[in-house]
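Protein chains: 2
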Amino acid sequence: MPKKYTLFTPGPTEVPDYIYQVMSEPLVYHREQAFAELFDSVGERIKKLLKTKNPVYFLTASGTGAMESAVSNLVSYRERVVIAACGKFGQRWNELCIRYGAYIDDLSVPYGKSVPPEELERRLRTDDAARYVFTTLTETSTGALQDMKAFGEICRRNNRILIVDAVAGLGADKLKMDEWNIDVVCGASQKALFCPPGLSFIAVNERAWEIMQKTRSPRYYFDLKLYKQFAEKGQTPWTPAISLFFALDCALERILKTGVEKVWEKHRLLAESLRAKLSKLGLEFMPEKPSNALTVIKMPEGINGTQIVEIAKTKKKILFANGQAEMRGKIVRIGHMGAFSRSDINRAFSVFKDAYTQVKKKRKVR
Amino acid sequence: MPKKYTLFTPGPTEVPDYIYQVMSEPLVYHREQAFAELFDSVGERIKKLLKTKNPVYFLTASGTGAMESAVSNLVSYRERVVIAACGKFGQRWNELCIRYGAYIDDLSVPYGKSVPPEELERRLRTDDAARYVFTTLTETSTGALQDMKAFGEICRRNNRILIVDAVAGLGADKLKMDEWNIDVVCGASQKALFCPPGLSFIAVNERAWEIMQKTRSPRYYFDLKLYKQFAEKGQTPWTPAISLFFALDCALERILKTGVEKVWEKHRLLAESLRAKLSKLGLEFMPEKPSNALTVIKMPEGINGTQIVEIAKTKKKILFANGQAEMRGKIVRIGHMGAFSRSDINRAFSVFKDAYTQVKKKRKVR
Numbered sequence: 001m002p003k004k005y006t007l008f009t010p011g012p013t014e015v016p017d018y019i020y021q022v023m024s025e026p027l028v029y030h031r032e033q034a035f036a037e038l039f040d041s042v043g044e045r046i047k048k049l050l051k052t053k054n055p056v057y058f059l060t061a062s063g064t065g066a067m068e069s070a071v072s073n074l075v076s077y078r079e080r081v082v083i084a085a086c087g088k089f090g091q092r093w094n095e096l097c098i099r100y101g102a103y104i105d106d107l108s109v110p111y112g113k114s115v116p117p118e119e120l121e122r123r124l125r126t127d128d129a130a131r132y133v134f135t136t137l138t139e140t141s142t143g144a145l146q147d148m149k150a151f152g153e154i155c156r157r158n159n160r161i162l163i164v165d166a167v168a169g170l171g172a173d174k175l176k177m178d179e180w181n182i183d184v185v186c187g188a189s190q191k192a193l194f195c196p197p198g199l200s201f202i203a204v205n206e207r208a209w210e211i212m213q214k215t216r217s218p219r220y221y222f223d224l225k226l227y228k229q230f231a232e233k234g235q236t237p238w239t240p241a242i243s244l245f246f247a248l249d250c251a252l253e254r255i256l257k258t259g260v261e262k263v264w265e266k267h268r269l270l271a272e273s274l275r276a277k278l279s280k281l282g283l284e285f286m287p288e289k290p291s292n293a294l295t296v297i298k299m300p301e302g303i304n305g306t307q308i309v310e311i312a313k314t315k316k317k318i319l320f321a322n323g324q325a326e327m328r329g330k331i332v333r334i335g336h337m338g339a340f341s342r343s344d345i346n347r348a349f350s351v352f353k354d355a356y357t358q359v360k361k362k363r364k365v366r
Numbered sequence: 001m002p003k004k005y006t007l008f009t010p011g012p013t014e015v016p017d018y019i020y021q022v023m024s025e026p027l028v029y030h031r032e033q034a035f036a037e038l039f040d041s042v043g044e045r046i047k048k049l050l051k052t053k054n055p056v057y058f059l060t061a062s063g064t065g066a067m068e069s070a071v072s073n074l075v076s077y078r079e080r081v082v083i084a085a086c087g088k089f090g091q092r093w094n095e096l097c098i099r100y101g102a103y104i105d106d107l108s109v110p111y112g113k114s115v116p117p118e119e120l121e122r123r124l125r126t127d128d129a130a131r132y133v134f135t136t137l138t139e140t141s142t143g144a145l146q147d148m149k150a151f152g153e154i155c156r157r158n159n160r161i162l163i164v165d166a167v168a169g170l171g172a173d174k175l176k177m178d179e180w181n182i183d184v185v186c187g188a189s190q191k192a193l194f195c196p197p198g199l200s201f202i203a204v205n206e207r208a209w210e211i212m213q214k215t216r217s218p219r220y221y222f223d224l225k226l227y228k229q230f231a232e233k234g235q236t237p238w239t240p241a242i243s244l245f246f247a248l249d250c251a252l253e254r255i256l257k258t259g260v261e262k263v264w265e266k267h268r269l270l271a272e273s274l275r276a277k278l279s280k281l282g283l284e285f286m287p288e289k290p291s292n293a294l295t296v297i298k299m300p301e302g303i304n305g306t307q308i309v310e311i312a313k314t315k316k317k318i319l320f321a322n323g324q325a326e327m328r329g330k331i332v333r334i335g336h337m338g339a340f341s342r343s344d345i346n347r348a349f350s351v352f353k354d355a356y357t358q359v360k361k362k363r364k365v366r
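Note that the protein sequences, when read in sequence, are chains A and B.
For the first sequence, counting from 1, position 310 maps to 310 in the working numbering; every step adds exactly one.
For the second sequence, counting from 1, position 299 maps to 299 in the working numbering; every step adds exactly one.
Calculated directly from the structure, the hints in this document are not laboratory data.
Here the structure is a predicted model, which is why all the values come from computation and not from measurement.
Possibly wrong hints are sitting among the right ones.
A pair counts as met if it fits within one copy or between any two copies, since identical chains are not told apart.
Here are the simulated DSSO-like pairs of lysine-lysine, each with C-alpha atoms no more than 27 Å apart in a straight line [said to hold, decoys possible]: (1) 233 x 316; (2) 225 x 88; (3) 47 x 266; (4) 228 x 51.
With the hints as constraints, model all of the structure from the sequences given.
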């Protein structure tokens with residue numbers, strides 16, 4: 001078996017033992033009443049987390065699959081879209097929309113920034129033809145949070161469809177689908193919902209659903225019309241990842257028992273306590289407006305983040321995440337979405353601190 | 001928790017405890033060396049099962065996802081395809097190809113039949129324009145097996161690309177990808193590989209890969225070029241269903257330890273022993289050429305299969321599968337692909353027999 005580390009990566013995150021336990025329950029057959037009950041239970045629970053009355057469709061796929069289902073069910077060839085991106089995962093919307101032949105109006109901001117709502121408003125007024133706004137709640141490549149409440153208000157007022165990738169933030173950062181006028185939300189099992197990866201979901205409101213009836217892009221596995229049709233029987237069109245349904249149902253039960261607001265608050269407190277400690281080391285953070293799901297630390301001049309990640313991994317069996325692509329070595333990312341406690345965060349901090357001090361000392365010696 | 005039954009459904013099948021156990025191993029991070037080792041191990045093992053030297057790409061999706069990846073990576077708008085279908089799952093190729101704008105030459109046979117190889121040859125000679133043949137190894141809606149060796153020989157000789165849905169048959173029915181000249185094979189975790197559903201895979205040979213470079217159909221989540229690129233690092237482009245990788249690696253290790261040929265032989269012996277017993281009850285079977293993965297029993301006049309399924313379920317907690325759509329009530333399907341033993345099969349038979357006798361008696365009384 002491969003070596004194991006405690007994951008402080010920004011997804012997947014650590015999965016508690018009680019989740020593994022329900023995943024070991026014998027499978028139910030997906031065309032059978034027992035599955036329909038499970039399906040309905042997860043469905044009702046996820047709505048409460050999303051603060052929505054809209055239907056939510058479950059896809060046996062990772063988060064990118066849910067994102068593709070948003071694009072392929074909404075965007076027809078040569079339609080125009082605005083993409084409000086603030087990092088690697090925002091750019092994924094871009095790549096997806098290109099594949100489906102959309103004309104892209106790219107409203108990107110530099111790494112670490114969030115798209116200012118007033119910029120979005122300005123862009124929508126200039127770009128009459130763009131029908132959709134694709135964006136990201138929590139950008140895990142930089143740790144930035146974006147203002148979905150403001151985006152929702154602007155999109156509704158300007159009669160655009162707002163599609164939010166909430167994969168990394170959902171359950172950690174505040175999100176109120178209906179109250180905030182969000183038309184489509186994508187999420188997945190392996191982030192703040194502390195399940196293994198492999199199950200994702202998409203919530204769709206009536207405005208977005210109407211458009212989906214006329215979309216001409218080819219799709220089958222991700223065709224939400226089929227999901228809607230089967231949902232009436234408590235089923236999915238294709239064989240679902242049944243054990244992950246067990247897992248997600250259990251995780252959501254826990255979250256709802258605590259209360260969604262309290263879970264958000266827990267994430268905020270953990271994030272702030274970690275950042276307070278890191279600040280005392282004189283460290284600064286990548287995002288201007290940080291998410292509560294992860295902390296992204298800028299490496300001071302001469303400090304290579306890759307070495308810190310490596311020391312934590314080999315010496316302490318703790319896995320932080322490096323920066324992606326051009327951010328490699330320049331930042332260290334600590335994920336704390338999901339089932340983490342204060343003592344977990346303290347442990348992560350102390351391991352980070354030791355590794356950081358070690359790397360810093362070596363720099364001084366040279 | 002929902003009520004649980006022993007699954008004699010034609011997928012998902014019963015998952016042994018040791019598989020659940022490895023699924024409970026803490027997750028590894030998918031951008032990390034430990035995952036790459038797992039990835040390489042599963043990759044090498046699946047090739048041995050498929051009897052191929054070709055690369056195999058793993059998709060976090062159920063079998064239909066692997067089928068869509070075959071279609072969207074091969075077929076461009078307005079290309080012509082032959083579909084050699086013998087049931088519901090063969091028709092899925094049809095639906096998929098329609099979505100991607102293909103012109104379809106439908107070579108279907110009635111339920112219970114398999115497409116005769118000579119029919120395929122005749123069709124290919126008539127239809128010069130069709131570049132691809134999509135077909136099914138094991139048709140779970142009817143229990144029919146198709147002759148992939150002959151199909152492969154015909155397609156290679158006529159210079160066509162052969163794409164085989166082996167989801168239900170792989171590991172139960174004989175399949176030799178390279179020796180039999182099969183260009184693309186799709187498979188999934190939840191059938192004869194006795195893992196939970198949620199992970200599928202697609203093997204692609206050089207001939208098919210060349211075509212995929214030029215395909216114009218939109219795709220992203222299922223774009224095999226991205227999978228190839230990431231496979232070089234021992235990774236998948238999107239967060240994979242990590243726990244199912246653990247499961248599949250373990251299942252394949254077991255299968256290979258026994259030996260692929262012996263596992264096929266085990267399935268053949270179990271299937272034949274079950275059918276011998278059923279024949280003694282005077283029962284007949286749906287498929288002319290039956291697969292070793294499942295047994296599909298025709299219901300005699302006046303016997304409603306739905307009642308048999310219902311009795312087995314409520315009285316014995318055993319789940320058989322009913323016929324789909326217009327076959328409902330007219331057949332009963334018993335899945336025996338995967339980790340079944342002779343005593344499991346005997347149990348299935350005895351439960352079936354009791355239920356069948358009960359329903360038959362009631363018929364006589366009326």
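Status of the hints after comparison with the structure:
1. 233 x 316: between (49 Å within a copy, 24 Å between copies)
2. 225 x 88: between (30 Å within a copy, 19 Å between copies)
3. 47 x 266: within (20 Å within a copy, 46 Å between copies)
4. 228 x 51: Classified as within: same-chain Cα gap 20 Å, cross-chain 39 Å, threshold 27 Å.
Violated hints are absent here; each numbered hint is respected by the structure.
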